[in-house]
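Visitor: Spelled out from the first residue to the last, the chains are:
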Amino acid sequence: MSAVAVLSPAEWETLWLSLQVSLAATAAVAGPGVALGWLLARREFPGKLLLDTLVHLPLVLTPVVVGYLLLLTFGRSGPLGPLLEALGIEVAFTTLGAVLAAAVVALPLVVRSVRTAVELVDPGLEDAAAVLGAGPLRRFRTVTLPLAAPGVVAGLTLGFARSLGEFGATITLAGSIAGETRTLPLAIFQGTQVPGGDGAALRLTVVSVLLSAAALPASELVVRRRRRGAGGGQT
Amino acid sequence: MSGLEIRALVRRGGFDLDLDLRLGRGATGVFGPSGAGKSTLLHAIAGLLHAEQLRVAVDGEVLVDAAAGVYPPPHQRRVGLVFQDHRLFPHLSIARNLRYGESAGGGVDLDEVVDLLDLGELLERLPRDCSGGQRQRVAIGRALLAAPRLLLLDEPLSSLDRGLKLQVLPFLRRVQERFGLPTLMVSHDLSDLLALTDELLLVNGGRAAGQGDLPSIAADQGAVELLAGSGLSFSLPGRMARRDGTGLGWVELASRAGEGLGDPGGCEVACGEVTAEIGDEVEVILGPADIVLAVPPMDARLSLTNHLLGTVERITRTAARCLVQVDCGLEASVLAEVTERAVERLELAPGVPVVALFKAQAARARGLGAQRPGPAR
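Line by line, the protein sequences are chains A and B.
For what it's worth, the numbering used here labels the leading residue of the first sequence as 1, then goes sequentially.
For what it's worth, the numbering used here labels the leading residue of the second sequence as 1001, then goes sequentially.
Since the hints were made in silico from the structure, they are not lab data.
Take the hints with a grain of salt, since some may be wrong.
As the list claims (entries may be wrong) - In silico negatives: residues of chain B with every beta carbon more than 12 Å from chain A: (1) Ser-1034; (2) Glu-1061; (3) Gly-1120; (4) Gly-1367.
To be verified - Here are some chain A residues pointing at chain B (derived, C-beta under 8 Å): (5) Pro-46; (6) Gly-47; (7) Leu-49; (8) Leu-50; (9) Leu-120; (10) Asp-127; (11) Ala-129; (12) Ala-130; (13) Leu-132; (14) Ala-134; (15) Gly-135; (16) Leu-145; (17) Pro-150; (18) Pro-217.
Said to hold, decoys possible - Residues from chain B that face chain A, not an exhaustive set, calculated with beta carbons under 7 Å: (19) Leu-1081; (20) Tyr-1100; (21) Gly-1101; (22) Ala-1147; (23) Arg-1149; (24) Ala-1228; (25) Ser-1230.
Just so it is clear, CB atoms sit at the ideal spot from N, CA and C, and this is done for glycine as well.
Using the sequences and the hints, build the whole thing.
Guide: Okay, structure coming up:
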């Protein structure tokens, strides 16, 4: 067991990279995820079904296909390639690509969770806020979002966990470059492919399980603290 | 022009609400069968649902005039709306709920509202820790603090049972007395409207079906037919005098100033159900169907306790029955529902002296004075 308990510097680097990529991906989808969830829950507009389908596509597609589509879109020869190149941004086979891949697969989980949570907020409360003089943004910030907060936190947790486990889209778009794009799952896979890599694979597997398992109670704690804090405070 | 002007046209599915109203400056009770468009009217005025045409003016000040391009979104209308289901924000304390719409420089003071509605004890609580009556009082206070130009009350008492209603009704009266806001109040309970409003507006099928105080509405055949189907009641103001050992409460009815009653029974009536303390201002709520009319002299000995001497003011005939208004020298008329045959047999006509009789069990006395619990802080 002692071999499991101690990580090598390279393994620490992998863990640190994984956390960075997952947190960045989660942070990146938080805004769009909440906005899309609210939009799908509260608004009727032409093309809603199309948007809904697009957002949820990564959930039903195999991640390799998602990664390949991202590569086709954001790669050097893709439609966005020249624009990104002009801006000095490179996506394929970079850490940014790993973040993008993780974000795209995490997004539908966040949107679904937020949408359900917003749908559960009584629109009558938003009406009440409107009559009391609150404009759309204030209604969202002071009524809808706080009441949907548990769903938002749960969605972000799921998204974070999903990012942490992302494999297919990442390896297709960003490859498996040590220190840049080789996140935990890629490193574990790598470990199983080389002779003598079993120990590293096992250690990183334990780390993965612990991280993912910790995310759920952590989000529960956040939700509870929010609820408890809801009563007090100033206007 | 003083008072409240409302022109509203709302189309929703197959239903049209089409009203053109000139109402008094005080409180108007909106009454009518369910589906008549009462709540639709309030929600359209508040901007929560779209109106094809809408013009609202208070004392000549235009709040909404769609035709003139003045059609602000709900949050800019300065119209207060109290919902049937209070709609307090569950995640905010009572204090924060109250202050949610607090308008800067609106001239409504939080402490005053808290005092008026007796909310001092509740400020730190969450809505879920308050009773139904308390929550509705908070909702009223919250609406007031937004300093509205017009107050809309959409069935504010109907989610409350009779006991809880009494935790709210007297406070609503206080609000009226203190703020004197132009008010539209919807209720399916006519006695609530009579206690709280100066004028009634009957709505049926999206159209106005009558307007005025109860006596003038009771003189309108169409209005009476509509009211008869929705539970017509009337109330007589008075003061709670005493309770006797049999559980009856005795109310001294208020007579019109300067006129004697000249009735051997005085103007005290017995009520079977009483929700008031001795000395309280009360109203005795009665249904016209519970009133028996007799023509004096009365030789028979009756088990009935309550008899009021008066003269017939007016008879309104509808298809099914006749509504007789009797002036008993009280602040309000007594309404009796009798058959056409009875009118003929008793030769009832305006000016004919009659005795109005009713059982104590048919009378309900309800306190209107807000009983403030002592300062328990």
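Visitor: Need the list of violated hint numbers for this structure, in ascending order.
Guide: Going through the list in order, the structure violates hints 5, 6, 7, 8, 9, 16, 17, 18, 22, 23, 24 and 25 and respects the others.
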